[in-house]
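Chemist: Sequence:
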Amino acid sequence: MDYMSAKEAAKRWGISVRRVQNLCKDGRIPKAQRISNSWIIPSGSRRPKDLRKKQSVKKKKIEAVILPERKPPEIVDYEKLLQQDFRGMRYLNLNGRPFVEVVLQTLKECPKKVRRKYPLALLQMAFALTGIHCYRQLFQNTLQEIKDILKEYPCDPEEKDQLLGEYEVILSFADYPDFKKMIPHFQKAKILCRQTIRCIALTESLTMGGFPAIPAFERLGRDEEEQLSALAKILECLEAIADGLGQGLEPLWRADIAYYEGRMEEAKGLAFESLYISRSRGQDCVSMGALELLSHIAIHTDDVELWNQSLDELKTLAENESVCDVGKKIMYVIIRSELYNALDIPERVETWIKKGQICFTWMPDNMYVTAQYIHIAYLFHKGQYIQELAAVKTALPFAIENVPQVAYYMRLFGVAALCELDRKEEAREMFLGTMSMFSDQHQILNCGEFYWIMRELMEEYFDSHTWLKGQVGQLKKNYGYGLTKLNADICNRQLPRTITNREYEVAVEAARGKTNKEIARYLVISEHTVRTHLRSIFKKMAVEKRNELKKKLLDS
411 MDYMSAKEAA
421 KRWGISVRRV
431 QNLCKDGRIP
441 KAQRISNSWI
451 IPSGSRRPKD
461 LRKKQSVKKK
471 KIEAVILPER
481 KPPEIVDYEK
491 LLQQDFRGMR
501 YLNLNGRPFV
511 EVVLQTLKEC
521 PKKVRRKYPL
531 ALLQMAFALT
541 GIHCYRQLFQ
551 NTLQEIKDIL
561 KEYPCDPEEK
571 DQLLGEYEVI
581 LSFADYPDFK
591 KMIPHFQKAK
601 ILCRQTIRCI
611 ALTESLTMGG
621 FPAIPAFERL
631 GRDEEEQLSA
641 LAKILECLEA
651 IADGLGQGLE
661 PLWRADIAYY
671 EGRMEEAKGL
681 AFESLYISRS
691 RGQDCVSMGA
701 LELLSHIAIH
711 TDDVELWNQS
721 LDELKTLAEN
731 ESVCDVGKKI
741 MYVIIRSELY
751 NALDIPERVE
761 TWIKKGQICF
771 TWMPDNMYVT
781 AQYIHIAYLF
791 HKGQYIQELA
801 AVKTALPFAI
811 ENVPQVAYYM
821 RLFGVAALCE
831 LDRKEEAREM
841 FLGTMSMFSD
851 QHQILNCGEF
861 YWIMRELMEE
871 YFDSHTWLKG
881 QVGQLKKNYG
891 YGLTKLNADI
901 CNRQLPRTIT
911 NREYEVAVEA
921 ARGKTNKEIA
931 RYLVISEHTV
941 RTHLRSIFKK
951 MAVEKRNELK
961 KKLLDS
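Quick note on numbering: the sequence shown equals residues 411 to 966 in my numbering.
Check the hints yourself; a few may be wrong.
Claimed, not checked - Pairs of lysine-lysine residues, derived as DSS-like cross-links and limited to a Cα-Cα distance of at most 30 Å, are as follows:
1. Lys490 with Lys738
2. Lys765 with Lys725
3. Lys557 with Lys590
4. Lys518 with Lys738
Hints listed in this document are in silico derivations from the structure and should not be mistaken for laboratory results. Note that the structure is predicted; figures quoted are calculated from it, not measured.
Kindly generate the complete structure, drawing on both the sequences and the hints.
Modeler: In structure tokens, the structure reads:
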């Protein structure tokens with residue numbers, strides 16, 4: 411047999427020598443042999459039609475994939491399920507699953523002919539969907555279905571009237587928080603219901619349509635007295651059909667108004683009144699709202715004992731339960747995190763709020779937006795201003811549409827972040843726009859509490875709103891002193907009893923690293939006064955240097 415070299419084959423076939431060598435190497439040319447560093451090819455060989463590298467097909471060892479044992483789909487006995495009483499179940503687990511998930515599955519999979527037999531169960535399930543933005547349409551569809559069922563539901567006239575009355579109660583929550591629109595529904599319910607309503611549990615509060623709210627964030631609006639008058643009419647109806655459901659709510663709303671207008675003693679008395687009424691009726695949601703408000707009042711009044719007592723009682727309400735009430739636990743976490751933010755102790759904020767991982771599908775809109783607000787406040791207190799502005803921009807559209815009152819406070823923290831980033835013109839524009847959204851009376855507390863994080867803007871605002879400066883003056887001083895005093899006490903920091911309020915303010919600023927000149931400018935006193943106070947502070951606190959002062963005052 412005659413042979414030719416790779417070079418001769420390349421010339422004959424019109425391809426490169428390297429290509430010929432690769433073809434031989436890949437076994438594409440039959441009987442080609444390698445001698446030393448050269449390939450010899452039979453002279454009668456033909457060029458392969460496809461010069462691309464041929465993919466060798468290797469037989470792979472096929473291993474059996476062991477899949478997990480597939481369980482048959484769970485067969486739910488909806489007849490048995492819908493015979494249960496779901497009052498008070500909104501935040502509880504049913505058969506190991508969140509109740510809202512059970513509701514969604516039932517409304518999706520349960521045959522209509524079965525659902526039509528149990529209108530009361532459907533009413534209770536519809537109530538579980540109130541206030542959740544993503545289920546708003548499903549809530550409306552369920553109400554329409556219940557209305558159609560009740561038209562032909564076979565029962566005696568008294569039972570039908572009772573069901574129609576309970577339907578009106580659930581229907582009213584679609585109009586919350588407009589109490590004026592809710593009144594006609596409750597008045598119809600009062601006429602129709604001849605016994606205590608069964609669609610919602612008596613321990614559930616009217617607040618936010620039966621689920622927990624944080625009253626300090628839920629404002630009635632500019633026509634407060636008109637809204638409160640409407641609320642009183644609703645409560646009057648509830649007294650007849652629900653054994654006084656929500657009676658602790660009216661003093662809580664009034665306490666909230668007094669608090670926002672700076673009348674702390676009046677707010678404290680009304681909050682305690684609400685707390686005692688709600689305790690006697692087992693309305694834990696109202697009790698938690700009252701305790702949260704008392705915690706804020708404790709900051710303004712420098713009442714460490716009240717602050718600690720309120721937090722302890724909140725924890726007891728949330729955790730000392732025979733059943734797993736997820737709603738109360740989440741509400742407690744939100745309130746506690748908000749209070750620690752207020753005291754500038756962000757490290758004690760709940761982890762999922764710190765990270766902004768607020769993804770509970772069953773969470774009502776007001777609770778969801780409030781958790782977002784606390785995340786924004788946390789970022790501010792941690793000094794993460796760029797991240798905070800991004801969070802404000804992301805959260806505002808949904809908050810403005812669904813819980814506008816909370817959105818205003820998000821904007822104020824956005825203003826504070828812009829101030830810290832020295833973007834003064836943007837901050838001023840956003841600040842003036844936000845303040846215009848509050849009524850005159852509501853500006854009092856906002857100026858008192860936010861004064862310390864946007865001082866320059868506040869002073870400018872006072873120049874054009876002189877009536878406000880006089881009302882805010884003492885309020886901001888009390889809040890600033892109470893804030894730092896409680897901060898020290900809660901963190902177990904050392905503070906001598908003999909230290910005066912002014913000395914404490916100077917000590918805190920010195921511990922934060924400010925010079926005498928900066929402290930004098932900040933507290934509007936002379937440098938000589940600063941030096942005098944510092945000498946007294948060093949003597950009372952038994953320190954010689956400012957870094958020792960920092961350890962005693964600011965390090966936990």
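Chemist: Decide, hint by hint, whether the structure agrees.
Modeler: Consistency of the hints with the structure:
1. With a C-alpha separation of about 28 Å, the suggested pair Lys490 and Lys738 falls inside the 30 Å cut-off, and the hint holds.
2. About 23 Å separates the Cα atoms of Lys765 and Lys725, which keeps this hinted pair within 30 Å; it holds.
3. For a cut-off of 30 Å, the pair hint linking Lys557 to Lys590 stands: about 23 Å separates their Cα positions.
4. The suggested pairing of Lys518 with Lys738 holds, with an alpha-carbon distance near 28 Å, which does not exceed 30 Å.
Going through the hint list in order, the structure satisfies each hint without exception.
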